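Chemist: If you number the sequence shown the way my numbering does, the last residue is 752 and the count never jumps.
One or more of the hints may lead you astray.
Only pairs whose alpha carbons sit at most 25 Å apart, straight line, appear in this in silico DSS-like list of lysine-lysine [what the hints assert, rightly or not]:
| hint | residue 1 | residue 2 |
| --- | --- | --- |
| 1 | LYS239 | LYS121 |
| 2 | LYS547 | LYS584 |
| 3 | LYS243 | LYS25 |
No wet-lab data here; the hints were simulated from the structure. On a predicted model such as this, the values are computed, not experimentally measured, just so you know.
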Amino acid sequence: MFRVLNRFKGSQPKSAEDAEKEQTKQTAQILHQVVDFEVALQAMDYVLDDRTEQGLALLDDSDRANGSPHTISVLARGVIEFLQATLSFEADEMKKATQTLMRAEDLSWKSKTSAEKSNMKCSSLYPPGTVYAVTYTESLLLHALLMLFSESLVEAAKALLKLRKAYSMLSNIILLVQKAEKKKKIPGVRSVASSSAETGSSSDSNSEASFVSSTTTFTSVDLPYKLSERQRSDATLMKLAEKIQKMRLDRLGGTHIGNTPAFSRLREDLGLGTTKVVDREETNITQNTYLSEEYDLHQATIDEFIASGADLCYGILQVVLSLIPPGIGAVLSVVGFSGSREEGLRLIWKATRQRNVHGCIGLLSLMFYYDGPFQFIDDDFDIPASPRESPRSSTVSLARTYTNPGDFDSMSNQTLLHPGKLLENSLLQARALFPHSALWLLNEARMLSAKGRLEDSMALMDSIDVNNIHMRQVKVLMVFDRANTLVNMHQFERAAEELIFLIGFSDWSHAFYTYFAGCCYLEKWRMCELGIIESENSVVYRERAEKLILSAPGLLAKKTFRSKNLPLDRFMSRKVSQFKETQKKLGCKSIIDAIATSPIHEIMYFYNGYNRMTKETLVQSKKMLTMFKNDATELHDPDQELVRNLLLSITLRRLNENDTGRKLLDDNVLPQIFTLNNGKVRYIKKTEDPWAYPTALYERALFTWKEQGVEALPEIREWLVRAQNYAGDYELSTRISMKIKAALDRVEEALQ
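All chains, please: the whole structure from these sequences, using the hints.
Modeler: Below is the structure:
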């Protein structure tokens, strides 16, 4: 009886007062959710400004206020740990980030299903649960990337399962974002800001939630419905909505993490020599007008998170899939998905226009893609999107500064290939937003290095005391990049000192750093032997080289990546074994006399050094590769000669001696790799230096491009296909394969 009465009682319609209370409670829940998202965005920005402890403390405070860690807080920690892990690739950091991201996946899915079940609508543009669908796919994607960054084909294949899940859901979310943009009747973000600024309201009248007090009227864009009269005068709700608006405006201006407005620090150019900030008097731009032109001041936080998160994640996913090495192409075809590099880059560029962590990660991704330690876009392979467009004809468009993010949807492929000033301006904006961060300073130094401004790059990196860098992973990168830049400048002694210094606080790759330092001292000694430099320490350089090179393999078991040696560690181990075998063959006392081809030049190639050296250092490299003689070089070992001739041919091309370099490659390298019989390719499988063989075929394609241009695109494609087909899971296969595939994609695109 009581059950029947209770059931009857429960089925009675709610009174107007109960409905009012329920909606008030829901309104408060939505606003508190927005606060949680703003706090998470603020915490992640602290990290991007090299103040990780403050960011984590902010998340701790938020968790305590909520009673337990909530979805966006856990994801924020996962993003922070992901950045730390991918900046260092240390095993403990990778494991920690993986565990947090797995927890974020679980919480995101629960939050998504809960919001859908309760029909909790927190956006006027997106269905209930969409924001947690974004946090779920973001967790999946970042977790998969941790696996892909191992540079192992096996790990990459495992990551595809996670990528497949993310791909399916992101495809649907992107459609929602595109639909929302059409609903707002704009092509991009900034036009929303202008139209909203003119009307003084949000772009969707259904999402206007106005609060009214005796002194003011305040409109919140974060509530997807109009408020009742009682709610409009609710002081608690109004205070919460105003707090959110202030948090958002402070974040857009860069003052939310305790810095002065970022606009006051915006510079016009890269490098220490150009400290001039943008002339605000001449342009008549104020802080407020700058913000209104740069960002949508009337965009809800949740809508911003959804759009920027979807653009970033789907963009990164598209680029990653487009670069997957052909060795696992069969797996891709089975699961039925593929990526478009161009579409992916456009989406990432679009994400960079948002002033949040998604925009920052997008910019870091683009910096890594264009100017990272090894580039997916080879500066020499400047193949245009269309054979009718020469690389030089696009000079004006490359210098263009895009002022409307809607333009990102129509960016030419040539601009995607070489974004020019667009990338510079985005980086300068990040430098202004995060003045304490060595991460953005490092990226500016990398960009200077990519432009051949090596001295300017070193001056910028030397302008900061690395001991004051709080994020240890960035400190590691800074010192390693200094060493690389010094190697490209042929300042080998200091480069070796930097690498040895690095071993003191880096948690991994001690074996490779030690070998790298030994190779630097070896080259310094050889320069003394050839009379290129004079030094009383010649004997010391030789002794240090021998000690470091011989001790490197003994460090392999101590610092590993997921219980495996890193690709460059395995490369080092193979090289030292080669040297010892030659030493045994020659019967010489020192391993130094058993090294033929200069090993430092191999490492320089892996880190794109040949595209960054000046003419002076290239001439020095040519001397080092041709003039130094010892017992090992006199053996004329065919494998050592192959590597030497490959590196020398690249040096000659960079010195504009194309004919000589190509002939050297054709006569002395390629015949050892493959033969042509009636047009049929037969590969000569070699294992001594596996990275060199597909690389030689790739570089041969580049010679043809430099000499013949667009008329020879079919022949260039043949060379690249040959390079791609010289397959194998060797220690640097992922790195070399991605470079080849990126070039082949551009050629095939130009041939269409």
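Chemist: Hey, LYS239 versus LYS121, does the alpha-carbon distance stay inside 25 Å?
Modeler: Holds - the C-alpha atoms of LYS121 and LYS239 are around 21 Å apart, at most 25 Å.
Chemist: Would the hint linking LYS547 and LYS584 be met if the CA-CA limit is 25 Å?
Modeler: holds (18 Å)
Chemist: Can you confirm whether the C-alpha distance between LYS243 and LYS25 stays at or below 25 Å?
Modeler: Holds, at about 18 Å.
This entry satisfies every hint, going by the numbered hints stated previously.
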